[in-house]
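**Student:** Sequence:
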Amino acid sequence: MTTTARSDVRPDPPESTGDRSLAEFGYRQELHRSLGRYASFAAGFSFISVLTTVFQFFAFGYAFGGPVFFWAWPAVLIGQMLVAACFAELAARYPISGAIYQWSSRLSNLTFGWFAGWIMVIGQIVVVGAAALALQVVMPAIWSGFQLIGDDPAPTSASGAANAAVLGVLLLVLTTFVNVIDNRVMSLINRIGVTAEIIGAALIIVLLFTHSERTPGITFHTGTAAESGLVGALLVGSFTAAYVMIGFDSAGEMSEETHHPRRTAPRTILTALGAAGLLGGLIILGGLLAAPSLTDGRLGVEGLSYVLTSSLGDGVGRALLVDVVIAIAVATLAIQTSACRMLFSMARDGQMPFSGRLAKVNPRTGMPSAPALVVGALAAALLLLNFASPEAFLAIGTTCIVMLYLAYAMVTGPLLWRRVRGDFTVEGTDETGRPLFSLGRWGVPVNALALLYGLFMTVNLAWPRAEVYDPAGGHWYFQWFTVLFLLVTVGLGCLYRWLGAHRGRAVEEEVPLAVPAESS
92 MTTTARSDVR PDPPESTGDR SLAEFGYRQE LHRSLGRYAS FAAGFSFISV
142 LTTVFQFFAF GYAFGGPVFF WAWPAVLIGQ MLVAACFAEL AARYPISGAI
192 YQWSSRLSNL TFGWFAGWIM VIGQIVVVGA AALALQVVMP AIWSGFQLIG
242 DDPAPTSASG AANAAVLGVL LLVLTTFVNV IDNRVMSLIN RIGVTAEIIG
292 AALIIVLLFT HSERTPGITF HTGTAAESGL VGALLVGSFT AAYVMIGFDS
342 AGEMSEETHH PRRTAPRTIL TALGAAGLLG GLIILGGLLA APSLTDGRLG
392 VEGLSYVLTS SLGDGVGRAL LVDVVIAIAV ATLAIQTSAC RMLFSMARDG
442 QMPFSGRLAK VNPRTGMPSA PALVVGALAA ALLLLNFASP EAFLAIGTTC
492 IVMLYLAYAM VTGPLLWRRV RGDFTVEGTD ETGRPLFSLG RWGVPVNALA
542 LLYGLFMTVN LAWPRAEVYD PAGGHWYFQW FTVLFLLVTV GLGCLYRWLG
592 AHRGRAVEEE VPLAVPAESS
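So the sequence shown is numbered by this note's numbering: it starts at 92 and just counts up by one.
Check before you lean on any hint, since a few could be wrong.
[Unchecked claim] So the derived label-pair ranges between C-beta atoms look like this:
(1) VAL517 <-> LEU575: 36 to 44 Å
(2) ARG455 <-> THR523: 26 to 34 Å
(3) PRO307 <-> PRO444: 47 to 55 Å
(4) THR386 <-> VAL535: 43 to 51 Å
(5) ARG275 <-> GLY519: 28 to 36 Å
(6) THR386 <-> SER248: 50 to 58 Å
(7) ALA472 <-> SER248: 21 to 29 Å
Everything labelled a hint here was simulated from the structure, so no lab data went into it. Here the structure is a predicted model, which means the values were calculated and not measured. C-beta: ideal position from N, C-alpha, C; glycine also.
Hey, can you work out the whole structure from these sequences and the hints?
**Tutor:** This is the structure:
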């Protein structure tokens with residue numbers, strides 16, 4: 092499991108055309124290339140899924156930040172757009188599944204890239220579980236019969252947390268099945284779901300703004316919720332935006348299944364994040380303006396579900412919540428698909444346990460079935476933590492954000508180093524003969540700001556704040572859950588690499604073209 096020497100590999104080709112791109116990188120086309128531009132956009136947008144994530148974390152953001160937490164949204168959007176711009180360049184140059192792993196490996200070396208991929212795939216598995224938990228925020232508000240355990244639907248209550256785990260596991264069974272049967276079915280469900288989500292989000296925005304109870308000036312107030320001042324309110328309030336605006340790289344993950352990926356993926360990465368950022372910000376602002384009360388405590392517990400059913404009436408509110416349920420299901424499906432492609436890509440290079448099984452693609456369906464089963468099973472097992480304590484809900488959600496932010500920094504960091512050295516250029520043309528997407532002379536400043544932003548947010552999100560992660564007290568392991576989970580992840584990765592090194596270099600010798608170093 093040692094790093095392949097740079098002198099032993101073939102430099103990356105400057106350009107490729109159509110489906111021949113994979114052959115030029117040393118891979119065979121096994122996944123079915125059937126996704127168009129809208130399907131590529133849907134892959135990134137459905138991972139972000141504003142209706143899933145905003146509804147899931149709005150109450151948290153408001154509870155700790157008050158109305159002013161809204162301003163963390165544009166700040167995070169700007170930071171993530173910087174990261175997305177860097178990723179768009181890489182998606183044009185390296186249109187390969189396993190985007191974070193592939194990009195980091197080619198910009199640095201196989202060992203560093205492997206850890207980026209390892210952290211990313213574990214983070215994606217946690218995101219799958221976190222997304223599935225979002226059903227609890229919505230379904231009991233639609234019908235009390237969805238509260239299968241106990242009578243308190245709040246995710247922070249014991250019965251609410253347990254019920255969230257049950258609903259989440261049922262959803263994971265469904266998404267795992269879809270991720271096995273056929274990529275065309277998966278893509279169709281994804282496109283329909285994203286279309287429904289965009290329509291639903293637009294309708295929610297219109298209805299919330301037409302039912303406003305106050306002016307936008309309220310967003311400059313911390314309210315009684317923020318106990319740590321303006322800075323503290325924004326830092327903790329940024330969790331909501333940080334959790335929402337991740338996963339835009341999924342368009343790059345699906346490159347091997349996308350027509351004209353060098354032209355399509357860079358644009359869909361940026362448009363997916365931009366569209367989600369705009370819609371999500373308007374939903375948050377609309378929710379603050381239309382909430383019946385900002386002081387009765389319900390907004391910090393029940394969140395946007397309370398706003399919809401109270402302000403718009405039970406009938407309209409519940410109908411819109413059904414659309415949110417669809418968005419949650421499609422988001423869980425898309426995130427699981429992205430994690431499957433990462434597992435597949437690393438396994439194809441012989442870089443994962445049971446690589447032979449995980450890298451196998453069903454020739455009829457064009458789907459790697461084993462990764463879908465592994466991701467579904469591990470995500471379901473993670474949900475069992477909810478039975479242990481309600482604090483697991485927040486711990487799981489925050490942990491997945493930190494993992495992805497760190498993995499992103501493990502791409503933007505080496506990319507900046509290559510830019511500063513002057514040996515990273517974006518040359519060549521896409522499948523239509525046009526120049527590849529490039530930041531040009533803005534590359535270094537955009538890249539530097541993207542890296543600084545990513546590292547700052549990683550520390551901010553992982554900081555073990557007792558009032559956030561262990562408000563009831565007595566659960567030190569939840570306060571430190573994110574840090575401990577990250578250390579265990581890295582530790583297991585080091586152990587696997589160490590054991591692999593003692594088994595010899597057979598893996599690297601079998602796949603000399605799997606992770607070629609970039610030519611200088």
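**Student:** Does each hint hold? Answer for all of them.
**Tutor:** The hints, checked one at a time:
| no. | hint | in the structure |
| --- | --- | --- |
| 1 | VAL517 <-> LEU575: 36 to 44 Å | holds, 39 Å |
| 2 | ARG455 <-> THR523: 26 to 34 Å | holds, 31 Å |
| 3 | PRO307 <-> PRO444: 47 to 55 Å | holds, 52 Å |
| 4 | THR386 <-> VAL535: 43 to 51 Å | holds, 47 Å |
| 5 | ARG275 <-> GLY519: 28 to 36 Å | holds, 30 Å |
| 6 | THR386 <-> SER248: 50 to 58 Å | violated, 22 Å |
| 7 | ALA472 <-> SER248: 21 to 29 Å | holds, 22 Å |
When the structure is compared with the earlier hints, a violation turns up for hint 6 alone.
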